[in-house]
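The residues making up each chain are set out below.
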Amino acid sequence: MGQIFPRNANLLIRLSIFASLLLAVELTLILGVYFRSNYFRQINVAVQQPVPYSHQLHVGVLGMDCRYCHVAVDKSWAANIPATETCMTCHSQIKSDSPKLTLVRESYATGQPVDWIRIHKVPDFVYFNHSIHVNKGIGCSECHGQVDTMAVVWQVQPLYMGFCLNCHRNPEKYIRPRDEVYNMGYVHPADQLQVGADLVKQYGVNNDKNQLTNCSICHR
Amino acid sequence: MQTLRSRRSQSVPRLVRYASIGLLAMLLTACHTDMYSQPKFQTYEPSSFFADGRSTRPNVPGTLAVDQVKTDTYLNTGLIDGQPGDVMPFPVTADLLARGQQQFTIYCSVCHGVAGFGQSAIADRGPIVPANFHQQRLRDIPIGHFVDVITNGFYRGDPNNGGYQSMYSYASRVKPEDRWAIAAYIRALQLSQNATVDDVPPEELANLGR
Numbered sequence: 001m002g003q004i005f006p007r008n009a010n011l012l013i014r015l016s017i018f019a020s021l022l023l024a025v026e027l028t029l030i031l032g033v034y035f036r037s038n039y040f041r042q043i044n045v046a047v048q049q050p051v052p053y054s055h056q057l058h059v060g061v062l063g064m065d066c067r068y069c070h071v072a073v074d075k076s077w078a079a080n081i082p083a084t085e086t087c088m089t090c091h092s093q094i095k096s097d098s099p100k101l102t103l104v105r106e107s108y109a110t111g112q113p114v115d116w117i118r119i120h121k122v123p124d125f126v127y128f129n130h131s132i133h134v135n136k137g138i139g140c141s142e143c144h145g146q147v148d149t150m151a152v153v154w155q156v157q158p159l160y161m162g163f164c165l166n167c168h169r170n171p172e173k174y175i176r177p178r179d180e181v182y183n184m185g186y187v188h189p190a191d192q193l194q195v196g197a198d199l200v201k202q203y204g205v206n207n208d209k210n211q212l213t214n215c216s217i218c219h220r
Numbered sequence: 001m002q003t004l005r006s007r008r009s010q011s012v013p014r015l016v017r018y019a020s021i022g023l024l025a026m027l028l029t030a031c032h033t034d035m036y037s038q039p040k041f042q043t044y045e046p047s048s049f050f051a052d053g054r055s056t057r058p059n060v061p062g063t064l065a066v067d068q069v070k071t072d073t074y075l076n077t078g079l080i081d082g083q084p085g086d087v088m089p090f091p092v093t094a095d096l097l098a099r100g101q102q103q104f105t106i107y108c109s110v111c112h113g114v115a116g117f118g119q120s121a122i123a124d125r126g127p128i129v130p131a132n133f134h135q136q137r138l139r140d141i142p143i144g145h146f147v148d149v150i151t152n153g154f155y156r157g158d159p160n161n162g163g164y165q166s167m168y169s170y171a172s173r174v175k176p177e178d179r180w181a182i183a184a185y186i187r188a189l190q191l192s193q194n195a196t197v198d199d200v201p202p203e204e205l206a207n208l209g210r
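Chains C and H are the protein sequences, given in the same order.
So for the first sequence, this note's numbering puts the first residue at 1; every next one is plus one.
So for the second sequence, this note's numbering puts the first residue at 1; every next one is plus one.
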């Protein structure tokens with residue numbers, strides 16, 4: 001039987017070995033990029049909620065404080081989603097027959113909660129706590145962006161471990177005075193590092209050396 | 001020649017082959033997601049176990065948290081024998097008033113306005129008509145009334161006779177101590193908004209240009 005492949009086929013074989021190696025590397029990179037992409041994390045993706053509730057109207061226009069609804073944010077690890085009774089304090093009288101609020105009225109009458117769609121979520125192996133951040137001068141907008149301009153809430157930060165650690169390593173870059181925590185439009189001053197270092201000392205942040213980067217505070 | 005060469009390089013492919021099994025095993029384990037969503041319930045996580053789909057169970061009727069036991073009725077209601085009392089259950093300090101101001105700004109000013117005149121973004125839009133704290137009736141009323149209104153809300157008209165709850169209760173959001181702090185702050189507002197020149201200490205009068 002004669003030779004089926006010409007001699008230079010060997011070269012092709014060798015090339016294809018390199019090519020497949022390259023492909024494997026590329027695939028890994030693409031997968032890596034995909035899983036870190038904003039698309040995979042659903043960053044900046046607006047979610048349609050069952051009730052067209054708008055932070056832009058209630059916070060931006062009406063000027064309500066976050067704690068009016070998210071009562072527990074400075075007291076517990078979870079920021080609560082308001083009970084429908086909270087909505088009904090106003091909506092029993094304002095727009096009390098609006099079809100957009102049917103679900104809220106039903107929920108108030110029957111006790112069945114409104115099925116809000118969750119937007120921010122850290123994996124179950126991560127422990128997160130709102131009250132410590134809020135009470136030590138970390139503003140909502142640091143992690144949630146300018147909620148007061150959002151008609152529906154979307155996720156602004158990827159909430160990777162790197163995101164948390166970036167701040168835990170240098171809290172002085174992000175800390176602000178306590179009474180500015182609920183101010184969504186807060187702009188850090190030009191001398192933030194100086195101001196921040198003072199605040200870190202004043203609020204006793206990271207008093208234990210390297211406590212904030214200790215694995216077991218988040219993975220407990 | 002042929003045989004020699006294959007024998008020499010045999011150990012390398014074998015190493016690669018075994019290593020690849022190890023790599024594959026690591027790849028597969030990395031695909032586990034059961035640590036991301038562990039068999040425990042976190043706040044607001046839905047549950048298929050209960051009929052209403054909630055993992056957070058409503059309290060059994062009559063349950064009280066440790067700090068909810070209402071032994072001190074005056075502190076918790078602001079009422080003495082059904083009538084609003086006119087003394088504070090604890091001393092008023094500058095810190096308490098600051099706390100009252102903070103709580104007032106969060107929960108009350110959206111409707112009643114930062115100065116308590118009943119003018120706010122909500123009032124402007126209607127149809128809610130919040131009370132003006134500077135009307136004579138509320139200036140004369142005993143302080144316990146404010147605590148009572150925060151605790152139970154306020155009805156316009158008789159609830160059994162066509163009346164409706166015009167202001168809902170804030171009892172679930174404002175704890176008793178803070179209700180008193182808010183009440184004290186409202187009193188301070190009433191004094192400050194209705195102050196006259198006579199209230200200014202004589203040594204400060206010069207600052208007013210008098």
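Just so you know, these hints were derived from the structure itself, not from any lab.
Heads up, the beta-carbon is just placed ideally off N, CA and C, and yes, glycines get one too.
There's no promise every hint is true.
To be verified - Derived coverage of chain C by chain H (criterion: at least 3 residues anywhere in the stretch with Cβ under 8 Å from a Cβ of chain H; other residues may be distant):
id	stretch
1	31–43
2	59–65
3	92–98
4	195–203
Unchecked claim - Under the rule of at most 27 Å between Cα atoms (straight-line distance), these lysine-lysine pairs were calculated in the DSSO-like manner:
id	chain 1	residue 1	chain 2	residue 2
5	C	Lys121	H	Lys70
6	H	Lys175	C	Lys75
7	C	Lys209	H	Lys40
8	H	Lys40	C	Lys75
To be verified - Pulled a few chain C residues facing chain H out of the computed Cβ check, cut under 7 Å:
id	residue
9	Thr89
10	Leu159
11	Tyr160
Tested hints:
Remark: the stretch 31–43 of chain C is not confirmed as covered by chain H, as 0 of its residues place a Cβ nearer than 8 Å to a Cβ of that chain, below the required three. Residues of the stretch 59–65 of chain C lying with their CB closer than 8 Å to a CB of chain H number 5, which satisfies the three-residue condition for coverage. Restraint check on the stretch 92–98 of chain C versus chain H: 3 residues with Cβ-Cβ distances below 8 Å, three needed, restraint holds. Check result for the stretch 195–203 of chain C against chain H: violated, 0 residues qualifying (beta carbon to beta carbon below 8 Å, three or more required).
In summary, the hint linking Lys121(C) to Lys70(H) is not supported, as the alpha carbons are separated by about 37 Å, beyond the 27 Å threshold. For the given pair, Lys175(H) sits about 12 Å from Lys75(C) by alpha-carbon distance, which is consistent with the 27 Å threshold. Of the supplied pair hints, the one linking Lys209(C) and Lys40(H) is violated, its CA atoms being roughly 33 Å apart against a limit of 27 Å. Proximity of Lys40(H) to Lys75(C) is assessed by CA-CA distance (about 23 Å); at most 27 Å being required, the pair is judged to hold.
Taken as an interface hint, Thr89(C) checks out: its beta carbon lies about 4 Å from the nearest beta carbon of chain H, inside 7 Å. With a cut of 7 Å, the hint placing Leu159(C) at the interface with chain H is violated, because the nearest CB-to-CB distance is about 13 Å. A cut of 7 Å between beta carbons decides the hint on Tyr160(C): the least distance to chain H is about 14 Å, and the hint is violated.
Checked against the numbered hints given earlier, this structure breaks hints 1, 4, 5, 7, 10, 11; the rest are met.
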